[in-house]
Amino acid sequence: MIVWDVLQRRRAGADWEVVGGVKAPDADFAILLARESLFRRREGETYAVRRRDTEDLIEVPDPTGIGGVIDREFRRMDSFAGVGGKHRRIHEQMRERGLVIDRPRPPDRRQRRSAKQGDAEETARA
Amino acid sequence: MTSYEERTAEFKARIDAGEKIEAGDWMPDEYRRSALKFIEMHANSEVMGCLPEREWIPRAPSLRRKLSLTAKVQDEAGHGQILYRVAEDLGKSREQMFDDLVNGRTKFHNVFHYPAETWGDVAVIGWLIDGAALVTQKALLDCSYAPYVRAMKRICAEESLHLRHGEDLTLELVSGTDEQREMFQDAVNRWWKPIMHFFGPPSKPDKDVLLYWGIKTRTNEDLRQEFFSTYVPKLWDLGISVPDSELRYDEEAGEWIWSDPDWDEFWQVVKGNGPMTQTRLFWRKAIWDHHAWVRETFDRIPAAAV
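Chains as they are written, first to last, in this note's numbering: chain R, 3 to 128; chain C, 164 to 469.
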C-alpha cells in the first residue's frame, strides 16, 4: 500500500501545509480517506494528496464536498455556544441553594490576567 | 565517518534547540522505540475509548444526545486511525499493532478498563476524562516529533468540542432532579481514582526517557496539578464533591495537596487485569475480525503505477 502525504490550504492563496498522511492504493482512495479522516468539518479551503517522496500534488477535484453532509450542528463548536454562561448560571443557582463548596482555590484565569496587568501598570509607574 | 554516538549527540542537540523531527530523518533507536511505544499506546487508547461510550449510544436519552455521542465516538475512532498512521512511519505495521492490542501484548489507557454504568458516567467521561486527556494532549503540541504534533493539532481541536459535549451533559444532570444530581455525583465518586491514575505516578524528570527525548514535555505531576486547577473549582461551583478528603489547594505553596491513590490497582489495570479489560478486548477483536473483508478487499486493489 502506498503512503500519501495530505496537504491543506487554509485560505485561498495560502501556502500548502502538510497536515497528515494516509495509506491507499491510488490517489482516488487517498483523497477519499483524507476527507474522512482529516476534513470532516470543512477545515480549510481545499486539500491535496502527494505520494510520499514525490513532488506532484493531486488536488481534490471538488473542494465544496469538504465536510459534506455530515457537517451537522452536533459537530460544530457553535452548537455548544453558551455552555460557559450556562455553567455560571447554574453555579449561581447552586449558591442560592447553599450547595457550592467554598474552599481555597487557585486564582482563575481572569484573576491571573488582571493581577498580571496590575503588576505591569505598577512597573510602568515605577 | 561519524559514529552512532556522535549522530545521537547531534540529534539530541537538535531536540534541545527546539527543532522538530520528521519521519524520514535519521533518529537513534531509543528515540524511535520510545516514540513508537508512546504513540501506539495513544492510538490503542483512542480506539478502545470508543467502547465505553458506544455502549450508551442506543440508550442515549434523546435523539440530539444520540447524534452528539455517535459523532464523538466516530471522532475517537478517527483519532485512532490518524495516530496509527503516525506510528506506522516509525516502523510497525497497523496490522501488527492491532494484533498486539487485541491479544493483550500492548497497553491502552487505564480509564478504558472500567465499566460505564450510568448516563452519569457518560457525562464524566465526556467532561472530566476528556478534560484530563486534553490537558495531556495540549502538552504534546510541543512534542519533538513533527508528525505527532500535526496529528495532535487536529485531535486537540476535536477534543475541545467533546469537552463541551461532556460539560453540557454534566450541567443538565447537576441542574436536574435530585436523582440526576446523585447519578452524576456517584459517577464522579467511582471515576475519581481512575482519573488520578490516568496521569500516571509522579515521574522523575531525570529518569523519564520520554521527557529526555522531548516526546513528552511536562511531568505527570505538573499535568495533574493543571487538571486540579481547571476542574476541581468547577465541580465545587456546581456543588459536586471530590472523593479525596485530603484534596485542598495550598495557597502558600501554590499547589494542590492530594492523597496518593492505590498505585497497585493502577499497575494491575494497565497490565490487563481491569474490571472490563477482557470484555473490551473481546469486542475490539470481534469488530476487527468482522471487518476483515474490508481490509482484504482493499489489499486486492492494485497499487497505482509509479
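Worth double-checking, as some hints may not be accurate.
In the DSSO-like style, the derived pairs of lysine-lysine whose C-alpha atoms are separated by at most 30 Å in a straight line are [to be verified]:
id, chain 1, residue 1, chain 2, residue 2
1, C, 356, R, 25
2, R, 25, C, 367
3, R, 25, C, 397
4, R, 88, C, 316
5, R, 25, C, 370
6, C, 229, C, 200
7, C, 183, C, 370
8, C, 356, C, 301
9, R, 88, C, 301
10, C, 370, C, 200
11, C, 397, R, 88
12, C, 255, R, 25
13, C, 255, C, 356
Hints listed in this document are in silico derivations from the structure and should not be mistaken for laboratory results.
Hint check results:
1. 356(C) x 25(R): Roughly 39 Å between the alpha carbons, so the hint for residue 356(C) and residue 25(R) is violated.
2. 25(R) x 367(C): 38 Å, violated
3. 25(R) x 397(C): Violated, at roughly 42 Å.
4. 88(R) x 316(C): Roughly 28 Å separates the two Cα atoms, so the pair holds.
5. 25(R) x 370(C): 36 Å, violated
6. 229(C) x 200(C): 34 Å, violated
7. 183(C) x 370(C): 22 Å, holds
8. 356(C) x 301(C): 22 Å, holds
9. 88(R) x 301(C): 25 Å, holds
10. 370(C) x 200(C): Distance of about 17 Å is within 30 Å: holds.
11. 397(C) x 88(R): 12 Å, holds
12. 255(C) x 25(R): Given that 30 Å is the threshold and the Cα spacing comes to 14 Å, the pair holds.
13. 255(C) x 356(C): 33 Å, violated
Hint compliance for this structure: hints 1, 2, 3, 5, 6, 13 are broken, all remaining hints hold.
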